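Please take these sequences and the hints and turn them into a complete structure.
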Amino acid sequence: MRVLKLGLVQGVFGGILGWLFGFALVIGSRLLLGLPAQWNPNLTGLAAYEPAVVVAGIFFVVGFMIGVGAVSDWLKWARGIDTPFNHGARIPGTSELARYFNVDYSHKVIGIQYAITGVLLLGVGGTLAMIFRLQLAQPELNFVPPDVFNTMISAHGMIMIGGILLGVGGMSNYLVPLMIGANDMAFPRLNAFAYWINVPGALLLCVAMVIGGWNTGWTGYPPLSAQAPLGVQYFFLGVFFIGLSSILGSLNIIVTTMTMRSPGMSLFRMPVFVWSAFATAIIQLTATQFIGLSFLMVLVQRILGMGFFDPGGPVWSEVDKWAGGGNPILFQHMFWFYSHPAVYLFVLPGLGIISELLPVFARKPLFGYKWIAMSSMAIALVGFLVWAHHMFVSGMSNYLRVPFMMSTLLVAVPTGVKFFSWLGTLWGGRIEFKTPMLFALGAISVFLIGGLTGPPLGTVATDLNLTDTYYVVGHFHATMFGGFIFPFLAALYYWFPKATGRMYNERLGQLHFWLMTPAFWVMSLGQIFVGMHGMRRRIATYEVGLDIGTAQMMVTIAGFVIFISVLIMMFNLFVLARRGQRAGANPWRSRGLEWQVPSPMPEMTYAATPVVVGEPYDYGKPGSIYVQFAPAAPALHTGASITGGD
Amino acid sequence: MDQGTHRRSYRRHFIIVSILVAIVAVISIVGLWAVPEFPSASTQAITVNWLFDLHLAVIGFLFALVMVFMLYILFVFRRRAGEEGDGDHFEGNTKLEIIWTVIPLIVVLSFGVIGAVTLRDVTAAQENEMTVNVTAFSFGWQFDYPEQGVEKATTLKLPVGRPVHFKLKSLDQDVIHSFYVAEFRVKQDLVPGVPTELRVTPNVEGAYRVRCNELCGTGHTNMLADVTVVSQADFDAWVAEQKAAVSPERLAAMGQELHASQGCIACHNVTGEPGGVGPTWKGLYGSERQFADGTSGVADEEYLRTSILASQERLVAGYAAVMPQNYADVLSDQQVAALIEYIKTLK
Numbered sequence: 110m111r112v113l114k115l116g117l118v119q120g121v122f123g124g125i126l127g128w129l130f131g132f133a134l135v136i137g138s139r140l141l142l143g144l145p146a147q148w149n150p151n152l153t154g155l156a157a158y159e160p161a162v163v164v165a166g167i168f169f170v171v172g173f174m175i176g177v178g179a180v181s182d183w184l185k186w187a188r189g190i191d192t193p194f195n196h197g198a199r200i201p202g203t204s205e206l207a208r209y210f211n212v213d214y215s216h217k218v219i220g221i222q223y224a225i226t227g228v229l230l231l232g233v234g235g236t237l238a239m240i241f242r243l244q245l246a247q248p249e250l251n252f253v254p255p256d257v258f259n260t261m262i263s264a265h266g267m268i269m270i271g272g273i274l275l276g277v278g279g280m281s282n283y284l285v286p287l288m289i290g291a292n293d294m295a296f297p298r299l300n301a302f303a304y305w306i307n308v309p310g311a312l313l314l315c316v317a318m319v320i321g322g323w324n325t326g327w328t329g330y331p332p333l334s335a336q337a338p339l340g341v342q343y344f345f346l347g348v349f350f351i352g353l354s355s356i357l358g359s360l361n362i363i364v365t366t367m368t369m370r371s372p373g374m375s376l377f378r379m380p381v382f383v384w385s386a387f388a389t390a391i392i393q394l395t396a397t398q399f400i401g402l403s404f405l406m407v408l409v410q411r412i413l414g415m416g417f418f419d420p421g422g423p424v425w426s427e428v429d430k431w432a433g434g435g436n437p438i439l440f441q442h443m444f445w446f447y448s449h450p451a452v453y454l455f456v457l458p459g460l461g462i463i464s465e466l467l468p469v470f471a472r473k474p475l476f477g478y479k480w481i482a483m484s485s486m487a488i489a490l491v492g493f494l495v496w497a498h499h500m501f502v503s504g505m506s507n508y509l510r511v512p513f514m515m516s517t518l519l520v521a522v523p524t525g526v527k528f529f530s531w532l533g534t535l536w537g538g539r540i541e542f543k544t545p546m547l548f549a550l551g552a553i554s555v556f557l558i559g560g561l562t563g564p565p566l567g568t569v570a571t572d573l574n575l576t577d578t579y580y581v582v583g584h585f586h587a588t589m590f591g592g593f594i595f596p597f598l599a600a601l602y603y604w605f606p607k608a609t610g611r612m613y614n615e616r617l618g619q620l621h622f623w624l625m626t627p628a629f630w631v632m633s634l635g636q637i638f639v640g641m642h643g644m645r646r647r648i649a650t651y652e653v654g655l656d657i658g659t660a661q662m663m664v665t666i667a668g669f670v671i672f673i674s675v676l677i678m679m680f681n682l683f684v685l686a687r688r689g690q691r692a693g694a695n696p697w698r699s700r701g702l703e704w705q706v707p708s709p710m711p712e713m714t715y716a717a718t719p720v721v722v723g724e725p726y727d728y729g730k731p732g733s734i735y736v737q738f739a740p741a742a743p744a745l746h747t748g749a750s751i752t753g754g755d
Numbered sequence: 044m045d046q047g048t049h050r051r052s053y054r055r056h057f058i059i060v061s062i063l064v065a066i067v068a069v070i071s072i073v074g075l076w077a078v079p080e081f082p083s084a085s086t087q088a089i090t091v092n093w094l095f096d097l098h099l100a101v102i103g104f105l106f107a108l109v110m111v112f113m114l115y116i117l118f119v120f121r122r123r124a125g126e127e128g129d130g131d132h133f134e135g136n137t138k139l140e141i142i143w144t145v146i147p148l149i150v151v152l153s154f155g156v157i158g159a160v161t162l163r164d165v166t167a168a169q170e171n172e173m174t175v176n177v178t179a180f181s182f183g184w185q186f187d188y189p190e191q192g193v194e195k196a197t198t199l200k201l202p203v204g205r206p207v208h209f210k211l212k213s214l215d216q217d218v219i220h221s222f223y224v225a226e227f228r229v230k231q232d233l234v235p236g237v238p239t240e241l242r243v244t245p246n247v248e249g250a251y252r253v254r255c256n257e258l259c260g261t262g263h264t265n266m267l268a269d270v271t272v273v274s275q276a277d278f279d280a281w282v283a284e285q286k287a288a289v290s291p292e293r294l295a296a297m298g299q300e301l302h303a304s305q306g307c308i309a310c311h312n313v314t315g316e317p318g319g320v321g322p323t324w325k326g327l328y329g330s331e332r333q334f335a336d337g338t339s340g341v342a343d344e345e346y347l348r349t350s351i352l353a354s355q356e357r358l359v360a361g362y363a364a365v366m367p368q369n370y371a372d373v374l375s376d377q378q379v380a381a382l383i384e385y386i387k388t389l390k
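Protein sequences appear in the order of chains H and E.
Every number in the numbering used here is 109 more than the matching position in the first sequence, counting from 1.
Every number in the numbering used here is 43 more than the matching position in the second sequence, counting from 1.
No wet-lab data here; the hints were simulated from the structure.
Treat the numbers as computed from the prediction; the structure is a model and nothing was measured.
Do not rely on the hints blindly, as some may be mistaken.
Distance ranges between label pairs, derived from CB positions [stated by the list, open to error]:
id : chain 1 : residue 1 : chain 2 : residue 2 : range
1  : H       : Lys479    : E       : Ile89     : 29 to 35 Å
2  : E       : Val247    : H       : Gln247    : 43 to 49 Å
3  : H       : Gly421    : E       : Leu148    : 42 to 48 Å
4  : H       : Gly421    : E       : Ala287    : 35 to 41 Å
5  : E       : Ser274    : H       : Thr236    : 37 to 43 Å
6  : H       : Leu402    : E       : Ser274    : 49 to 55 Å
No residue lacks a Cβ here, since even glycine has one placed at the ideal position from N, Cα and C.
Written out as structure tokens, the structure reads:
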């Protein structure tokens, strides 16, 4: 019975009610008009009721949000009812664990909700990959039929992206307030709303697989997506709502960063992760609308017949170019105007984590702090000017390919600054190889593969060969793993003792690293190799004649090794660590604000106001202090001053 | 350690690591160049391969630079057992940051210029181009050779050394496909409603494949077409063979057979004798016809087609409307064309 009281359960219940209401609303209004309930008598099942299913999907989200309680306080405000700001268990007496299944306003709870949901989604997406990689392990296997295969790769792509977005949300929501010395985000209720709307969004994405699936890839290009099975509609809706979460969440991050920093924390005294989270939030706030809108336009093209991207029948002529209505290439421009910057928003927080961890484990200042901070902003800015490099063969104007090539290559410059500054940070250090540090270093090596395979895709002539082959798959997975997955894992290991007060098992952590990193290298290089030997992207099988079976087998095996190594981490963090050693306040001897309070942290992290009096990464400088707690609390010494210099 | 010892040991480390970087860079560049290349078969591929090899050189160098530097640092500056304390304190070096901003900037801008020039080379129009119209549909390919008069070929045959200008389109109401022959190293999407083009000069004889390179649905994986690049002589022979099937002579011969087998001969003679149930076919093509409704017109191909498929629309004055109206169902398009070709030969 107590389970039924959980917000998550009530949300699902509300969602189902909402779905039925939406479905009945549309069907009912058709019946009132005397029309048959089915739109398309040629189709069977839900597909015959597509518009009703779409509207029902929207009401599913509405019902979920009401049911879970994400809008309750706002509704009370509307009625003039007082809503005390609950920081702590929602209902006194319920377990601490129950907070994670309810609407909770603590940014620490929300951050963990984001991270766990993200890990779950990454697990679903990864499992899909394991299945279709089995089919690709050898040529001309076909136990996964083409339509199922297409659904699986499409779902793999978007579910992984959803998982990454949630992981990014987890890191930003958990860490930004901690790092700037705030007790919560600027808008805690909005924060909870932004997290919870991901849940019905992710559910829609998963349901899309079973209501017909879709065959468009994660890119959802029309006209294919305008003709795809019903599942594509829930794919659009799922992405739309996860995107809404991005927009609201990033608004919160920007306001929090700008207004809630501790006294003395000037912008250039912020931990560098906050800079990357800030740059990320700018991208999310300003670009996400474009993917939402582009998907929404295909959605209504399907159910309302608005031909945004429909070139129409045989009407094309030089004189009357778009008499048929729309232009399929327009979609690609709108889609990539978000989806390229999106790649940078996936990796910037991760690169921030690398910059954050290296100084701690090398016991050295971050080399060129301002350059690293500004390179994040530069990547965010330049990232807006490069979208059409995804479209070099799309049929857009020939001459446009040159300026987009130039802007694309420019991205290499701020990225290079990060690499070189990391090396500068490590140089002359006392480097300690704990699991988080290993993953940060592994991230650099993997992101290097991603970075170095980028320029051949940037110059048009070589892109004409490589685009839409498995080379792109290799390049993209290397950037995602190096820029997000590895740093995210580093962050999980690094902040785990802070969040739980317990230490994970270091040996298993090291095993995880030493399994995953070499395996990733093999997988990535294998993907790149087969891509250059005739392996196209998104094909369900390939010809024996291409002679790439061995490389493909290695890619698949490496993929499984990665999958198993992640399971080891789950076991380590979620099972073993329950009885792990007590971690203490500052096991890494970090100078960061959050490490100066006990682990796990109190409900209000900073009872006394932290006052920033120095530089964040002054390791190795005797007597240097980053933060003092005012006024009564005695000045807590930072890592550097505890250990002293040499 | 005091600052002086540090500087000296830094300089020593820097020299060692620079030498290591240089060695590994050479090894990785040579190694990357030695990776077996997928066969290539067009002049455009030469440019693309050249640019890619240039990329590989930079990749090999940067790989060595970052990885060797990093691994060396991790080894030399590792925390040794029992060692406490922090690393050296320095916060950055503006001169270095400027150097590693400006040099990469120059390199990428150079690549931008090289990229533009190579793009111009692989897309440039050539002299003596042969046009091939490519039509993609879910899930297949069709090739038309307007210059040679070959239509609706299902495989792509190209003469070696002759520049080809592909004019690409996807059928209306279809989806986006992509024309890619890996050996040619270039590809182009085919978009419904948006004509696109691609230029390829095949330079090695052999058998290749067009593979659709843009996910287009259920049949995407198997959306393939054979490509053969052959000598000019073999290509001409192939064209002749293709046209032989549909050449006017062959068509006319077929038409003569149909004239007898389909019973046309019962009403339409080919000798020019008057008095038949229908008009004679001799001298019919290109003649002036007076119609029952008082209008007149020239007996062109269009008229002949109408007269075969729906004769009563343009009934010739003086004849009764007795011809069967079911020839659209009875005769194939090719058979209709064959009859027209036959009529054209009856001068």
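Now the hints, each set against the structure:
1. H:Lys479 x E:Ile89: 29 to 35 Å: Violated, at about 45 Å.
2. E:Val247 x H:Gln247: 43 to 49 Å: violated, 29 Å
3. H:Gly421 x E:Leu148: 42 to 48 Å: holds, 46 Å
4. H:Gly421 x E:Ala287: 35 to 41 Å: Since the Cβ atoms of Gly421 (chain H) and Ala287 (chain E) sit about 39 Å apart, the hinted range of 35 to 41 Å holds.
5. E:Ser274 x H:Thr236: 37 to 43 Å: 53 Å Cβ-Cβ, so the 37 to 43 Å window is violated.
6. H:Leu402 x E:Ser274: 49 to 55 Å: holds, 54 Å
Consistency with the previously given hints fails for numbers 1, 2, 5, ordered from lowest to highest.
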